[in-house]
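Sequence lines, in order, name chains A and B.
Counted the way the numbering used here counts, the first sequence spans residues 1 to 315.
Counted the way the numbering used here counts, the second sequence spans residues 316 to 535.
Hints may be right or wrong, so weigh each one.
To be verified - Pairwise CB distance ranges, derived in the manner of DEER restraints:
hint: 1; chain 1: B; residue 1: Ile-388; chain 2: A; residue 2: Ile-49; range: 55 to 65 Å
hint: 2; chain 1: A; residue 1: Phe-255; chain 2: B; residue 2: Met-456; range: 56 to 66 Å
hint: 3; chain 1: B; residue 1: Leu-527; chain 2: A; residue 2: Val-283; range: 48 to 58 Å
hint: 4; chain 1: B; residue 1: Leu-387; chain 2: A; residue 2: Lys-50; range: 34 to 44 Å
hint: 5; chain 1: B; residue 1: Val-428; chain 2: A; residue 2: Ser-217; range: 55 to 65 Å
No wet-lab data here; the hints were simulated from the structure.
Yeah, the Cβ is synthetic: ideal placement off N, Cα and C, and Gly gets one too.
Read off the chains here:
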Amino acid sequence: MLEQLSIQMVQMLLVLFSAPLLTGFIRKVKARLLRKRGPPLLQPYRDLIKLARKEVVVADSASWLFRAAPYLIFAATWVAAALVPTFATGLLFSWSADLIAIIALLGSARFFLALAGMDVGTSFGGLGSSREMMFATLAEPALIMIVFSVALIAGTTQLSYVASFVMYAAGLRVSLVLGLVGLVIVAITENARIPVDNPATHLELTMVHEAMVLEYSGRHLAMIELSSQLKLIVYVSLIACIFFPWGLAPVGAGFNAHVLGFAAYAGKLAAAGGMLALFETTVAKMRVFRVPDFIGVALMLGLLATLLRFMSESL
Amino acid sequence: MDRLAFDIAHFLAGGLVLISFVLLYQDRLFALLNAYALQALTLAFAVAWQAHIQEAPHLYITAGITLVFKALIIPVALHRMVARLGVHREVETVVSLVPTMLGGIGLVALSMVVMLRVTHGADPLTREDLAFALSVVLLGMLMMVTRTNAVSQVVGFMSLENGLILAAAAAKGMPLVVEISVAFSVLIALIVIGIFLFRIRERFDSVDLQALDDFRGEHR
Numbered sequence: 001m002l003e004q005l006s007i008q009m010v011q012m013l014l015v016l017f018s019a020p021l022l023t024g025f026i027r028k029v030k031a032r033l034l035r036k037r038g039p040p041l042l043q044p045y046r047d048l049i050k051l052a053r054k055e056v057v058v059a060d061s062a063s064w065l066f067r068a069a070p071y072l073i074f075a076a077t078w079v080a081a082a083l084v085p086t087f088a089t090g091l092l093f094s095w096s097a098d099l100i101a102i103i104a105l106l107g108s109a110r111f112f113l114a115l116a117g118m119d120v121g122t123s124f125g126g127l128g129s130s131r132e133m134m135f136a137t138l139a140e141p142a143l144i145m146i147v148f149s150v151a152l153i154a155g156t157t158q159l160s161y162v163a164s165f166v167m168y169a170a171g172l173r174v175s176l177v178l179g180l181v182g183l184v185i186v187a188i189t190e191n192a193r194i195p196v197d198n199p200a201t202h203l204e205l206t207m208v209h210e211a212m213v214l215e216y217s218g219r220h221l222a223m224i225e226l227s228s229q230l231k232l233i234v235y236v237s238l239i240a241c242i243f244f245p246w247g248l249a250p251v252g253a254g255f256n257a258h259v260l261g262f263a264a265y266a267g268k269l270a271a272a273g274g275m276l277a278l279f280e281t282t283v284a285k286m287r288v289f290r291v292p293d294f295i296g297v298a299l300m301l302g303l304l305a306t307l308l309r310f311m312s313e314s315l
Numbered sequence: 316m317d318r319l320a321f322d323i324a325h326f327l328a329g330g331l332v333l334i335s336f337v338l339l340y341q342d343r344l345f346a347l348l349n350a351y352a353l354q355a356l357t358l359a360f361a362v363a364w365q366a367h368i369q370e371a372p373h374l375y376i377t378a379g380i381t382l383v384f385k386a387l388i389i390p391v392a393l394h395r396m397v398a399r400l401g402v403h404r405e406v407e408t409v410v411s412l413v414p415t416m417l418g419g420i421g422l423v424a425l426s427m428v429v430m431l432r433v434t435h436g437a438d439p440l441t442r443e444d445l446a447f448a449l450s451v452v453l454l455g456m457l458m459m460v461t462r463t464n465a466v467s468q469v470v471g472f473m474s475l476e477n478g479l480i481l482a483a484a485a486a487k488g489m490p491l492v493v494e495i496s497v498a499f500s501v502l503i504a505l506i507v508i509g510i511f512l513f514r515i516r517e518r519f520d521s522v523d524l525q526a527l528d529d530f531r532g533e534h535r
């Protein structure tokens, strides 16, 4: 019990403190790929501290929702991040670490973000919210479909069981590969990365995520930034946990296994960040109306994965 | 047969179906040709793996033919053709992307239902490969139907032929002579199609086959 509690605490702090580092790492790699020097790795921490110290400016037309939303979003995302096994499966709350619960948490965070975008009543906020919802109506079914296929293969939606199933019993399955590609597409969409949205621009024609949070300042903005960094790490951990669970310390493992799990997790984060940066520098941003096609592919992959799984069962 | 051998065969054949969907998704000609080369490469691996687990050395030759002709010569030739045709390099589709994809999934489901019923009692690996092969064939046909650009129709035809090779490799016992003659006829088909492409371009200044329909006075 005590051991599980301590692992859970370490996990929560780990995701919270490594989320800005991952973002900083991706920015650094992207800058290096473009032969620029780039900001230092710790820059996101400095930005967050600076924002947290600054004065909050709130529009006159803002309601209580506008003030509450950043904390709600942050809380929902942090809980989701705490549930995904990162370096060990023996978490205190692993009984509730259900894939569907995690999707619901992320979905409610998005719901509050969209509401907050519309709350002040500026045109940009509304535009960002409507685009975000358009993408979400396609990305969420795709995510659910992928989760279904994974759950059908593993026989459970509990993440720690899925991880141990994939590690020991799954072998090489086409359905899992299709699910992986689909989940990567969904992750790129949900985190507003490059082919869908550009996290580094404020160009009004293209921005989605940035348009919703345009009115925020000070500590509210720090919360929003931190929760979007957390969301990225949730998706990376989710992909790592479902499809690449090697190195995860099993329940009741010793201290050495946990250290190994830590190292493996750091390696996975670095690999994912490097690949994301490479991908973002090689592709161009899509037009907004091409994004549904892109997410439709993820939905299709989820359907196909479920189909193939039924087929290989019926042999 | 041990589980891993089966899994790898399943993985490679499923990869072929996935790349068929990638082909359907592409909207640039060069990307389409690259995806086609990738499909041929995957097919070569799949056939080589079949040769390994069936212990049928002649299938290695099939894999070699696939690798040299379909993964290297044909894509390079098509690349040069497209570059020399000088047409604009976007693929026009008759039906928009998402319905095409959904139709493709329907075809995959159909081919699985049909093949699993028909081949009842056969070796699981053969059944599975046949089902995948039929899906690749049907997806190739779907691609030919939904594209108006002649080059992408050619690619659809070639990927259809990839499905046939997969079926042949899985079914144990297609003679090598047939294999080689199929490979050469595809190569000849490529040459004939290439000549046709240039003729069409000369005549209509585009490789959009709707121009042919208009020329015949057919209205859609």
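Status of the hints after comparison with the structure:
Remark: the range hint 55 to 65 Å for Ile-388(B) to Ile-49(A) is upheld by a beta-carbon distance near 60 Å. For Phe-255(A) and Met-456(B), the hinted distance range of 56 to 66 Å is satisfied, since their beta carbons lie about 59 Å from each other. Between Leu-527(B) and Val-283(A) the Cβ separation comes to about 35 Å, which falls outside the hinted range of 48 to 58 Å. Roughly 55 Å separates the CB atoms of Leu-387(B) and Lys-50(A), a value that falls outside the hinted 34 to 44 Å.
For Val-428(B) paired with Ser-217(A), a C-beta distance near 58 Å keeps the hint of 55 to 65 Å intact.
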